[in-house]
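Novice: Basically our numbering = 1-based index in the sequence shown + 1072.
Note that these hints are calculated values from the structure, not bench results. Even for Gly, the Cβ is constructed at its ideal location relative to N, Cα and C. Please note: incorrect hints may appear among the correct ones.
To be verified - Calculated lysine-lysine pairs in the BS3-like style (CA-CA distance at most 27 angstroms, straight line):
1. Lys1702 / Lys1746
2. Lys1797 / Lys1636
3. Lys1737 / Lys1702
4. Lys1482 / Lys1521
5. Lys1312 / Lys1330
6. Lys1156 / Lys1082
7. Lys1818 / Lys1860
8. Lys1677 / Lys1702
9. Lys1636 / Lys1753
10. Lys1905 / Lys1894
11. Lys1624 / Lys1636
12. Lys1711 / Lys1746
13. Lys1624 / Lys1746
14. Lys1860 / Lys1910
15. Lys1902 / Lys1852
16. Lys1852 / Lys1746
17. Lys1823 / Lys1746
18. Lys1727 / Lys1746
19. Lys1823 / Lys1753
20. Lys1163 / Lys1082
21. Lys1727 / Lys1797
22. Lys1702 / Lys1797
23. Lys1753 / Lys1818
24. Lys1852 / Lys1905
25. Lys1753 / Lys1737
26. Lys1092 / Lys1116
27. Lys1339 / Lys1312
28. Lys1852 / Lys1894
29. Lys1737 / Lys1818
30. Lys1156 / Lys1339
31. Lys1894 / Lys1868
32. Lys1894 / Lys1910
33. Lys1852 / Lys1797
34. Lys1894 / Lys1753
35. Lys1677 / Lys1727
36. Lys1711 / Lys1753
37. Lys1092 / Lys1156
Unchecked claim - Pairwise CB distance ranges (calculated):
38. Arg1481 / Phe1689: 21 to 31 angstroms
39. Glu1566 / Asp1284: 43 to 53 angstroms
40. Thr1626 / Phe1689: 23 to 33 angstroms
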Amino acid sequence: MNTPVFEIEKSLYAAADAGKRRFVVSAPTGSGKSTGLPVMLLRKFGGRVLVLQPRRVAARMLARSVGALFDMRDEVGWHVRFEKRYGENSKIVFLTEGILARMLLSDPSLEGVSAVVFDEFHERNIYADISLALALRAQRGLRPDLAIAVCSASMDSSALFEYLGGDSECAAFSCSSRMFGLDISYAPPRSRDSAVWDCAREQFERLARSSDSGNFLIFMPGAYEISRTVGCILRSPASKGFDVLALHGDLPPGEQDKVLAPGTRRKVIVSTNVAETSLTIEGVRFVIDSGLARVARYDPARGVNTLLVERVSLASAAQRAGRAGRTAPGTVVRLWRQSDEASFERFTASEISRLDLSQIVLWLKASGMSADGVGLFEPPPAESLDRAARTLANLGALDAMSRITPLGRKMAAFPTQPRYARMLIEGMRRGCLREAALIASLSDCGRIKLPIENAFAAAARDELVGDAASEPEEIARLCELARENSFDEKFCREFGIHSANARKACRAAADLERLALRACRGEAPAREPEPDAAAKCVLCAFSEHVGARLNKGTLACALAAGAKGEICRESRMYADDLFVALDLQERRGGAQGVSIMASMITPIKAEYLREMFPGDFSSDTVVRFDERQKRVACVELVKFRDFTVSENASAEPPKDAAARILVEKILENPAILKSFDDSAKAFMERVNFVAAVCPESGIAPIDAPALREIFLQMCWGSNSISQVKNLDALSALRDWLSPEQQAFLKYAAPKSVEISPRRRPAAIRYDASARRAVISASFKDLFSFNPKSVSICGGKIAPTFEILAPNGRPVQTTSNLEEFWKTSWAEIRKELKARYPKHFKPDSPY
C-alpha cells in the first residue's frame, strides 16, 4: 500500500539496524501512520506489535481497516474495555483505555511483543503518558530489544524527542500528506438560543445546494448532539440522495463500519472527534465544525473524572479542517466567530494536568512505584498527587503512611475509577452487587428520570418504583423497569424514563458486575443483601460528600469542609438530617455568588459513619456565637473528618472567650451597642487629636487595638447581646484615661465653644490625621466673636472656622477670622445679600 508514511520506511529500518529502538514519527492527518506504521514495524521486528489508541471506536475500526488493507484479517485484533478480540496468532493488536498500562504493570517483560506504537500522542491521553513511561522502564530493564514508536499529528515533537533520549537513543522522522486548498468560513449561531444541530443543518443545506459531489463530515461533541444533528438533517429535503450516518463509541460495531464502507451514495457523517485524527474517511470535501468536544476533566464537585463539553483547541480545529482537503479542494464551515479564536487554547492540555490521578497512583502503588518517580513525560501537578492520595486514604486504599492496604490492592485489580471499585467491592460484601453496579453506572449515562406532567402517570411511576430508600436507588429501579420492558419507547415515555440512557446504564452495570466478579474471583458474594446495603455502598465511595439538612423548613444544607449548599428540589424527599450526595454541582450567580447544589441524595445514619470509618471521628469543644440565640455558647462538636456530625451545648463559656467574641460582634456591627453613638465617637476623636498634637501629655490614641481592649473590659462577665447592648460606651472610653488625662483633654480639646449668648455652644469637630479643629457657625454669630477666646492645645492649633450662610451651608473656611472680615467678607456679603436680602437690615452691624 502506497501511503505517505511509507516514505520513512527505509530510514526507519536503517536507524533500527544502527541499534535505535526509539522512534518519533511526525505525520499529519491522512498520512496513513495509524495503519502503515504498525505493519512497517511488524515487517522489521516480527513478533507482535501493540498499538495504543486513545478511543475504543478507533481501535476497533483501525484493526478492521489494517486487516482488510494488508490482507491480514486473521492477524489483526483489538483489546478494549469489556471487549477482547485477538488470539495467539494475532500479530498486530490495537489497545486502549489503560489496557497497555495494566499489561506493563502486570508483566513488564511484555513477552512476545516486539514493538509498541503510541498513536495520536498529541492528544496527551493519561494512559498514553503512563504507558510510555512504563514501556521505557521495561526497555531500560528487562526488554532492551523492545521498539517504541511515538506518533503525533500536531504537537511540537522536539520535547518528546529529548524525553526519549535525543540523538543518542532516538530517531525522528516526518512525512507529508497531500493537501489541497481549503475555503474556511465562519457561521456563528444567530442567537444564544440557537441549537448547534440546527446551525449545522442550515450550513449543510446551503453547501448541499452548491455542489453535487463529495461527502460531508460534521463534528459534534457527543452522542446526544450527534443524534439531534442526524435527526435534523434527515428531516431536511436537502438530505435526499445522502446516507446520513452517526459515528461515536456507543454505536454497535456494524453501525460504525458503515461509515468506512464504500457506497454509491454521498454520505453525511456526524462524528465525535474520533474522526479528527484517528480515522480517515474517504471522499470528504465538506467539514462543518461545531468547535466543541467532550473533554475528560476532574470534577471537584463530584470528586470523579467526568466529560465536559468545551471548546476545542486551535490545533484540533486545524486537524478537523484538514479532513476536507485530502482528495480535492475542500470547504470548511466553523460554527463560531473568527474573533472567538483569540480565546481558544493553542493545544489541548494534557490529561495528566487536568484529571484525577487516584487510579494511576493506586495502580503504581500496587506495583511498588510512585507517580512522581516513574519518569513521566510531563510531571503531574503536586496538588493533583496530594488530592489523589487523600481520596485513596478516604477510600481505605492507603494507610496513614500512604502505603497501599489489602483493600487497596483489591481495588487496583479494577480497571475503573477507585471510587467505583470501592463501591463494587462493598456491593459484593453486602449482597447488593447488581444495585451497586447500577448506581455506579449512573454517573456517565445522562438523565434517566424525566418529568411527567400527568399526575396520574407520575403516581403510577411512584408505585412502580416502590419504597426506594434513596434517589440513586429510585433511578436504578427505573432502569430495571425499562430493562424488564425491553426499553420499549412507549413504556418509557409513559413513565418518564429516558430509554436510551437507561439502556446505556444497564449495559454499563452488567459490564461492571462482570468486572467485579472477575476482580474478586474466589470470593462469593453475599447471598442476601444487608439492611441499608446500597446506602452503605454509596457512603463508602463518596464519604467526602456527606451533608446535613440545616432544618426541615428549607433546602439549605451543611457540607464537608465547612461549605454551605442547597438541596436540589427534586432530591428534597430523600434529604434526611444526614445524607450523602453523589452529585455536588457548583453554581455561579445571584446575590450569594458561588453556591453548591446537592443532588442524587442517599439518606444515612450517623452510626453508618461510625461503623465504616471508626478512625475518622474526633470531638472538640469550641466557644462560638450562636446567631439564633444571640449569645456566646460553649459547644461540644463531634466530627467526621472535617464535617460536624453533631453538636451539643456544654458548660458556660469562659469569661475571656465570651468577652472577646462579643467584642468582635460589636466591632462588626457597632449598632449593637446603643451608647456607641456620635458623642462616644466625638470623644474618641478628641483623644486621638490630643495624642497627635500633644504627645507630652502621655495620652495614647484610641486606635483599633485600644478600642478592642476598652470593649473587652466593658463586656467582661457578659455572654449575650442582651447583656451588652445597653452598656455605657462613653463611660468606658473616659475610664481609659486617668483623671489627670481627662482634665488635660478638657483643657486642650474642649468639646464646644460659646459663640453667641443667644445660641447653644458650637461643637468643635476634631480631625487627628489632618490636625484640625473645626467650628461651624453662621456669619451673624461669628461677626462679633473673638477667636482668641478659644484655645486649642494651648494655642498650638488655630481653630478653623466654617462660616455658614443662612441656609446652613458653608460659604467660606478660614483659620484667620480677623483677616477674613477685612479681605473676603465684602465680596461674599454682596452675594449673600442678593440671595438672602431679609437677613441684611440697614442697622445690621455686618
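Novice: Take the hints in turn and mark each one as holding or not.
Specialist: Against the structure, the hints:
1. Lys1702 / Lys1746: holds (16 angstroms)
2. Lys1797 / Lys1636: violated (30 angstroms)
3. Lys1737 / Lys1702: holds (10 angstroms)
4. Lys1482 / Lys1521: This hinted pair is violated, its Cα atoms lying about 33 angstroms apart.
5. Lys1312 / Lys1330: Given that 27 angstroms is the threshold and the Cα spacing comes to 18 angstroms, the pair holds.
6. Lys1156 / Lys1082: violated (34 angstroms)
7. Lys1818 / Lys1860: Distance of about 17 angstroms is within 27 angstroms: holds.
8. Lys1677 / Lys1702: Outside the cut-off at roughly 30 angstroms; violated.
9. Lys1636 / Lys1753: violated (37 angstroms)
10. Lys1905 / Lys1894: holds (18 angstroms)
11. Lys1624 / Lys1636: Satisfied, since the Cα-Cα distance of roughly 16 angstroms is no more than 27 angstroms.
12. Lys1711 / Lys1746: violated (38 angstroms)
13. Lys1624 / Lys1746: Cα-Cα ~35 angstroms, so violated.
14. Lys1860 / Lys1910: It is violated: about 30 angstroms lies between the C-alpha atoms, which goes past 27 angstroms.
15. Lys1902 / Lys1852: With a Cα-Cα distance of about 15 angstroms, the restraint between Lys1902 and Lys1852 holds, given a limit of 27 angstroms.
16. Lys1852 / Lys1746: Distance of about 36 angstroms is beyond 27 angstroms: violated.
17. Lys1823 / Lys1746: Roughly 21 angstroms separates the two Cα atoms, so the pair holds.
18. Lys1727 / Lys1746: holds (22 angstroms)
19. Lys1823 / Lys1753: OK: Lys1823 and Lys1753 at ~12 angstroms, within 27 angstroms.
20. Lys1163 / Lys1082: Distance ~21 angstroms between Lys1163 and Lys1082 Cα, so the pair holds.
21. Lys1727 / Lys1797: holds (17 angstroms)
22. Lys1702 / Lys1797: With Cα atoms ~11 angstroms apart, Lys1702 and Lys1797 stay inside 27 angstroms; holds.
23. Lys1753 / Lys1818: At roughly 16 angstroms apart (the allowed maximum being 27 angstroms), Lys1818 and Lys1753 satisfy the hint.
24. Lys1852 / Lys1905: holds (13 angstroms)
25. Lys1753 / Lys1737: holds (18 angstroms)
26. Lys1092 / Lys1116: It holds: about 13 angstroms lies between the C-alpha atoms, which stays within 27 angstroms.
27. Lys1339 / Lys1312: Judged against 27 angstroms, a Cα distance of about 11 angstroms means the pair holds.
28. Lys1852 / Lys1894: Given pair Lys1852, Lys1894 holds - Cα atoms ~15 angstroms apart, limit 27 angstroms.
29. Lys1737 / Lys1818: violated (31 angstroms)
30. Lys1156 / Lys1339: Violated: Lys1156 and Lys1339 sit about 31 angstroms apart, past 27 angstroms.
31. Lys1894 / Lys1868: Holds, at about 24 angstroms.
32. Lys1894 / Lys1910: Holds, at about 23 angstroms.
33. Lys1852 / Lys1797: violated (42 angstroms)
34. Lys1894 / Lys1753: violated (36 angstroms)
35. Lys1677 / Lys1727: violated (36 angstroms)
36. Lys1711 / Lys1753: Violated, at about 44 angstroms.
37. Lys1092 / Lys1156: Status violated; Cα separation ~32 angstroms.
38. Arg1481 / Phe1689: 21 to 31 angstroms: holds (26 angstroms)
39. Glu1566 / Asp1284: 43 to 53 angstroms: Check passed, 45 angstroms falls within 43 to 53 angstroms.
40. Thr1626 / Phe1689: 23 to 33 angstroms: 27 angstroms Cβ-Cβ, so the 23 to 33 angstroms window holds.
Violated hints, listed in ascending order, are 2, 4, 6, 8, 9, 12, 13, 14, 16, 29, 30, 33, 34, 35, 36 and 37; each of the other numbered hints is respected by the structure.
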